[in-house]
Amino acid sequence: MSVAPSFGQVLGFFAFLGRRTGKTRVFAILGLMPVALAVIVRIVLHGRAGLMAAVFTDILMVFFLQFYIVILALFYGSSVTAEEVENRTLSYLLTRPIPKPAIVLGKYAAYSLLMFAMVSLSLALSYFIMNAARLGDPALYLTFLGYLGVLGLGILAYTAFFTFLGTLLKRAIIVGLVFGFGWENVIQYFPGSTQRFSIVHYLKSLLPYRPMSGGGRGVALLLFRLEPTAPLTAVLMLAVITAVLLALACWIFRTKEYLTED
Amino acid sequence: MTAVIAASNLSKWYGNVLGLNDVSLEIEEGITGLLGPNGAGKSTFMKLITGQMKPAIGTVTVRGRRAWNSPEVFRGIGFCPEQDVFYDELTGWEFLTGLLRFYGYAKSEIGDRAARALDIVDLAKDKDRLIRGYSRGMRQRIKFAQAIAHDPGILILDEPLSGLDPLGKRKLIRLIKEFRSQGRTVLVSSHVLPEIEALTSRIVLIHQGKILAQGDIPYIRELIEAHPHQISVRSSEPRTLAARFVGDPSIQKMTFASDGRTLIVETHKRDEFFGRLTGVVLEAGIEVEEITSPDDNLQAVFEYLVGK
Amino acid sequence: MATVREKGYSHWDGRLCERRFPWWPITRTGIQLAFRKKRFKVLFAGAFIPAFVFLVGLYISERLEDFKTIIQGSDRLLNIGPKYFSTYFANGGLLFLIVLVLAFGAGGLIADDLKHNSLQLYFSRPLGKKDYLLGKMSVVGFFVLVFTAVPGLVLIIFKLIFAGSFKFFLQYPWLPLSVLGFSALLTVFLAFYILLLSALSKNSRYVFILIFGTYIFSNVAFGILQSIFRTPYMALFSIPVNLQQVGAFVFGQKPPHNVPAVWSFAVLAAICGLSAAVLDRKIRSVEVIK
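Residue numbers (the working numbering), protein chains in the order written: chain A, 5 to 266; chain B, 171 to 478; chain C, 75 to 364.
The set of hints was computed from the structure by calculation and includes no laboratory data.
Watch out, some of these pointers could steer you wrong.
[Said to hold, decoys possible] Straight-line C-alpha distance at most 30 Å; calculated DSSO-like pairs for lysine-lysine: (1) C:K112 <-> B:K297; (2) C:K328 <-> C:K241; (3) C:K328 <-> A:K260; (4) B:K224 <-> B:K380; (5) C:K112 <-> A:K27; (6) B:K439 <-> B:K380; (7) B:K224 <-> C:K189; (8) C:K115 <-> C:K241; (9) B:K339 <-> B:K297; (10) B:K224 <-> C:K112; (11) A:K174 <-> C:K157; (12) C:K203 <-> C:K111; (13) C:K203 <-> C:K276; (14) C:K189 <-> C:K111; (15) B:K347 <-> B:K380; (16) A:K260 <-> C:K276; (17) C:K356 <-> B:K297; (18) A:K27 <-> C:K157.
Throw the hints in and build the complete structure from the sequences for me.
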């Protein structure tokens with residue numbers, strides 16, 4: 005039985021289901037926080053484009069990159085397997101003619117799409133509100149796409165990691181929290197190659213780093229102590245990390261038994 | 171008849187606890203009842219058949235194919251789990267059509283199949299309600315609907331009648347019997363003896379992870395040589411009848427029922443007893459009103475086998 | 075029709091004695107269940123590290139001469155007084171560890187009851203909503219007090235033992251009261267906070283993220299707003315900062331941010347009020363399904 009058609013079927017089902025849950029609404033509302041902030045800042049700092057740009061890069065991007073996508077990926081990634089086991093709905097999936105890897109990959113893809121939609125909307129609204137004075141500048145859109153790409157890759161990589169954790173461990177949340185808010189925050193300030201043992205290092209290496217034309221420091225704050233990896237290498241590393249972790253997750257899910265509490 | 175489901179030396183551990191102990195059996199077409207108390211290993215066996223667990227020792231195949239990591243097998247299997255769990259955010263319709271997607275049917279076919287399954291379980295008018303708002307019986311029926319919607323040749327039903335009212339049970343029993351008449355194989359588990367008796371006479375008795383017996387109820391009864399048969403004779407002169415049999419070495423025990431008219435005899439040699447009974451009755455001119463075997467039923471068989 | 079007496083029933087003429095503390099079995103079970111979780115014991119033990127560090131600090135402060143060559147400027151650093159205790163109680167690390175312990179050990183207090191429809195089991199006993207909530211809050215109270223009041227009082231006792239005199243106590247006689255007072259405040263707030271979030275979902279994994287995420291996010295929001303508006307009043311958005319403000323007030327210290335402590339009290343009280351309202355609505359013996 006081929007994984008590809010089943011993958012699409014699982015993706016469709018869980019994309020539909022994921023949109024329905026209350027938790028998605030809560031996370032979507034969380035994503036409105038930067039938008040609300042953008043509106044407030046726009047009113048308060050009206051006319052000071054440089055300052056507004058700086059607020060976006062120095063503050064809001066930190067929120068997106070080091071909090072929002074991590075918490076989203078932690079919840080949805082660990083839910084790929086854990087949700088089915090905890091809710092005891094795994095039997096409905098395992099007794100269908102779909103290969104087990106298709107379940108993992110399909111759910112992963114569905115949740116990644118959902119997260120990307122939430123992040124995109126939040127990023128787009130907050131970014132363009134903050135930079136409303138420069139909407140005629142084509143560079144603005146390129147920068148936006150750069151940020152969106154980084155966050156998209158971050159979602160894929162982090163979700164793959166937490167999916168792997170979720171298939172392996174019963175209580176993946178604790179380990180995930182330690183990794184996402186502990187390791188990732190600390191290791192990036194270590195010198196030399198140590199930084200490369202984190203996902204956020206490669207994401208930061210891809211950030212569009214250029215001083216904003218209206219002033220501001222670009223993403224200087226985010227790049228503090230960063231010894232960046234070349235962009236192509238960073239994309240490759242993120243792709244490899246994602247692929248390897250997903251492959252491991254599929255292999256574990258295929259070979260492991262998940263006993264539900266009856 | 172070739173076996174539809176075959177288990178060979180099947181064992182399964184949960185840590186140090188033996189869930190299933192060297193089970194070898196074959197399930198043929200028709201309805202087979204899997205009977206045992208709670209914790210006997212029924213659900214473990216069903217999970218092994220449906221590929222949700224991997225055997226520790228031995229094999230289990232469905233139509234010659236192993237269920238573990240063989241998704242194709244499930245095209246022909248419908249499984250109704252015991253747990254009362256669903257994707258609560260979905261309506262009945264969304265739940266059925268969502269799961270039918272996994273079979274690769276066209277959209278129109280998915281709709282037809284879902285509608286048909288809902289009609290069968292009498293949930294068509296509630297299809298657009300959230301499953302969260304269904305009653306216990308409705309939830310059981312939607313679970314059954316998802317097991318039959320793709321027209322499987324084999325149905326594995328884990329306690330399908332639990333939570334249903336008497337009318338609902340009767341309806342589902344009739345439905346299951348209809349499946350049998352269509353040539354399908356049904357394996358039903360329950361710990362409620364009358365439910366199994368109503369469905370089938372072919373049973374597998376399981377207790378503490380072991381198969382105690384398999385076959386028709388009377389056949390199993392015959393096998394239990396250790397336990398004497400009980401025969402109840404209601405007549406006008408039970409004591410006269412008793413007096414005639416008291417010297418018979420094949421009679422283990424005789425008691426009188428509280429109605430004062432019934433003699434209950436326990437014997438290892440049932441056929442011999444019946445042979446002698448005819449002669450005694452004619453000779454003594456006793457009017458016999460009724461002859462029954464009180465323990466020729468599943469309850470008695472089960473109690474003998476589990477040693478209660 | 076035969077009377078009940080004839081059928082073998084008889085009326086009991088005694089008086090139903092209610093348990094003095096009907097909530098105690100809930101508390102006891104909640105604590106036991108927390109310790110049954112695999113990694114909880116490790117986390118619980120780890121949360122004592124700040125107390126241990128401060129205890130070592132107390133010892134070093136009494137033996138400064140011995141450690142002078144190792145620690146430079148130590149007399150300023152290890153000047154044991156109310157500030158030392160305020161630093162222990164209001165340090166971000168301890169608060170974070172307590173929240174982590176509570177998220178792991180107490181996150182499912184109400185969420186698991188909602189998931190398994192257990193509320194009806196509770197309320198079919200002679201147990202009121204107040205007893206139920208008090209029992210659940212006491213679980214949170216146990217864990218908070220074990221990391222605050224107990225180590226706080228132990229630190230005071232060890233200070234007296236290491237110093238070999240009661241001088242410290244005579245100098246700061248109100249210190250034990252401050253320790254108990256802040257511990258009680260922290261207990262009440264965290265009890266309401268944890269139970270509020272636990273009552274919002276049947277999924278304990280999601281509750282864990284809510285507890286942890288809200289705590290972290292409030293601090294992130296403070297950082298963001300502070301950078302933009304550059305006013306200390308943005309500190310009121312942060313749960314840990316509000317706790318630190320209140321802690322500084324209780325120990326008679328200067329608050330870390332230039333905001334009157336009464337505002338922090340008000341914010342924490344508002345969260346408790348919100349929690350009370352949500353809990354009153356959520357904790358019902360009958361679930362209404364629409």
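* Asked: Of the numbered hints stated previously, which ones are contradicted by the structure, given in increasing order?
  -> The structure conflicts with hints 1, 3, 8, 11, 18, although it agrees with all the remaining ones.
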